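Fit chain S to the known structure of chain Z by using the hints.
2 protein chains.
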Amino acid sequence: VITAVALAGLPEVRPGDDLAALIAAAAPDGFAPGDVLCVAHKVVSKAEGRVVELASVTPGPRALELAERWGKDARKLQVVLDEAAEVLRADGGRLICRTRHGFVCANAGVDASNAGDDRLVLLPLDPDASARALRARLGVAVVITDSFGRPWRIGQAEIAIGCAGLAPLDDWRGRADSHGRELHATLVAIADQAASAADLVRGKDSAEPAVIVRGLAPFVLGEDGPGAAALVRERGQDLFT
Amino acid sequence: VITAVALAGLPEVRPGDDLAALIAAAAPDGFAPGDVLCVAHKVVSKAEGRVVELASVTPGPRALELAERWGKDARKLQVVLDEAAEVLRADGGRLICRTRHGFVCANAGVDASNAGDDRLVLLPLDPDASARALRARLGVAVVITDSFGRPWRIGQAEIAIGCAGLAPLDDWRGRADSHGRELHATLVAIADQAASAADLVRGKDSAEPAVIVRGLAPFVLGEDGPGAAALVRERGQDLFT
Chain Z
95 VITAVALAGL PEVRPGDDLA ALIAAAAPDG FAPGDVLCVA HKVVSKAEGR
145 VVELASVTPG PRALELAERW GKDARKLQVV LDEAAEVLRA DGGRLICRTR
195 HGFVCANAGV DASNAGDDRL VLLPLDPDAS ARALRARLGV AVVITDSFGR
245 PWRIGQAEIA IGCAGLAPLD DWRGRADSHG RELHATLVAI ADQAASAADL
295 VRGKDSAEPA VIVRGLAPFV LGEDGPGAAA LVRERGQDLF T
Chain S
95 VITAVALAGL PEVRPGDDLA ALIAAAAPDG FAPGDVLCVA HKVVSKAEGR
145 VVELASVTPG PRALELAERW GKDARKLQVV LDEAAEVLRA DGGRLICRTR
195 HGFVCANAGV DASNAGDDRL VLLPLDPDAS ARALRARLGV AVVITDSFGR
245 PWRIGQAEIA IGCAGLAPLD DWRGRADSHG RELHATLVAI ADQAASAADL
295 VRGKDSAEPA VIVRGLAPFV LGEDGPGAAA LVRERGQDLF T
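Each protein sequence line maps, in turn, to chains Z and S.
Per this note's numbering, residue 95 is the first one in the first sequence, and the count goes up by one each step.
Per this note's numbering, residue 95 is the first one in the second sequence, and the count goes up by one each step.
Isolated chain Z, as found in the complex:
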């Protein structure tokens, strides 16, 4: 049995806030062995100060050109360009980027902070390190998540961008014959699926960024493990594109 339970909402998180303490306060019963804490990245980014004031941004020529073409705010586009290691596609008002972490997503993971706000929230610099830091403080496996669009499919699904204390992958390659049964998959993205399960229970307005997923004890590690970096396919190794 797998269970996902949202923690009570956190207060608005600000740069410098002690996120681990805020989460601990929202989980008065603490965590059980085998629990996995899934945290929407935005509160992590905010606590880590990964926030940009639009007023502080001076757009360069490419941002100005795209802004002109798309009728968008050039400063926002500049922030996206700054976060992108590579722009894979610039079309229809959207920049599909590869981030420095190797994630491929819309707008390099840059989000609006609040409706009508003048701040943008970036991805954590090193989400696996963010997960390790939360795990060290809270004593629970941690997945840091974000909503990504997917090629060929409509709608976003939550995936793991950071991970500590949870095996990100369950590798069944070569184990089929030992059971004599068919495998329905051979390399299962456990951390991504945990992120998606957590998202189903989360308030859609991000008032509940922290969710406990129970029942994944077989994948919980006694150490930080390889992190969500293990879920990133190396450039040039992609089967699909």
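Note that these hints are calculated values from the structure, not bench results.
One should not assume that every hint holds.
Here chain S is said to cover these stretches of chain Z; the calculated rule only asks that three of the stretch's residues, wherever they fall, bring their Cβ under 8 Å from a Cβ of chain S [what the hints assert, rightly or not]:
{"id": "1", "stretch": "170-180"}
{"id": "2", "stretch": "240-250"}
{"id": "3", "stretch": "284-292"}
{"id": "4", "stretch": "314-327"}
On a predicted model such as this, the values are computed, not experimentally measured, just so you know.
Glycine included, every Cβ here is placed at the ideal spot set by N, Cα and C.
Below, chain S without anything else, positioned relative to chain Z:
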């Protein structure tokens, strides 16, 4: 709270078997309002006779050429080519295909039936219709799932290839301002995330193809709804590729 519980394993499913009856027998307590039954497609495909005996396949020139190049069984490649509406990439022993349903996946969704078996299992011809048929018989929302690889990421995640009685998408576009809170996503792939949640609890050797996901009542419909077809992005409309 979201809960995923695997039903007891089904017996080996054969073409012509009454899958709804097998599932009902594995769920002696029946289903509650708001339950979502997630079923790995392979048992659906088998019950529907979507099974090919390799001995019956005569490979054509393209399958023979790829088989020669990759050292693979030309008959298996022929079955994949037959299932593909379009081959997007043929590389490294794998065919990335668009199926007639519009799904983009490895080998057009064709699976080995069992280790060492001489049969291949295809995707259902119309997985939404398969889901509707199960819903009509069992009186519960149904998602039919498969494990798909993803561009740029390692590992497979379970997604919805068929759906009835569950809203496949939760659309929050335009609703941000009414709450005054930031949205973490605007168009959430509920059915795909339910498929992933179900997969976390499923035996990895496909002995437990049927999983009940509880807690999704807000997305359960009084009718079949648009199905997983609503999750397929139209060709030429893709933001990523």
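Hint-by-hint comparison with the structure:
Taking a C-beta to C-beta cut-off of 8 Å, the stretch 170-180 of chain Z contributes 0 residues in contact with chain S, too few for the three needed, and the coverage statement is violated. Beta-carbon proximity to chain S at under 8 Å applies to 9 residues in the stretch 240-250 of chain Z; the threshold of 3 is reached and the given coverage holds. Using a Cβ-Cβ cut-off of 8 Å, 6 residues of the stretch 284-292 of chain Z lie near chain S, which meets the minimum of three, so the contact claim holds. Counting residues of the stretch 314-327 of chain Z whose beta carbon lies closer than 8 Å to any beta carbon of chain S gives 4, which reaches the threshold of three, so the coverage claim holds.
Checked against the numbered hints above, the structure violates only hint 1.
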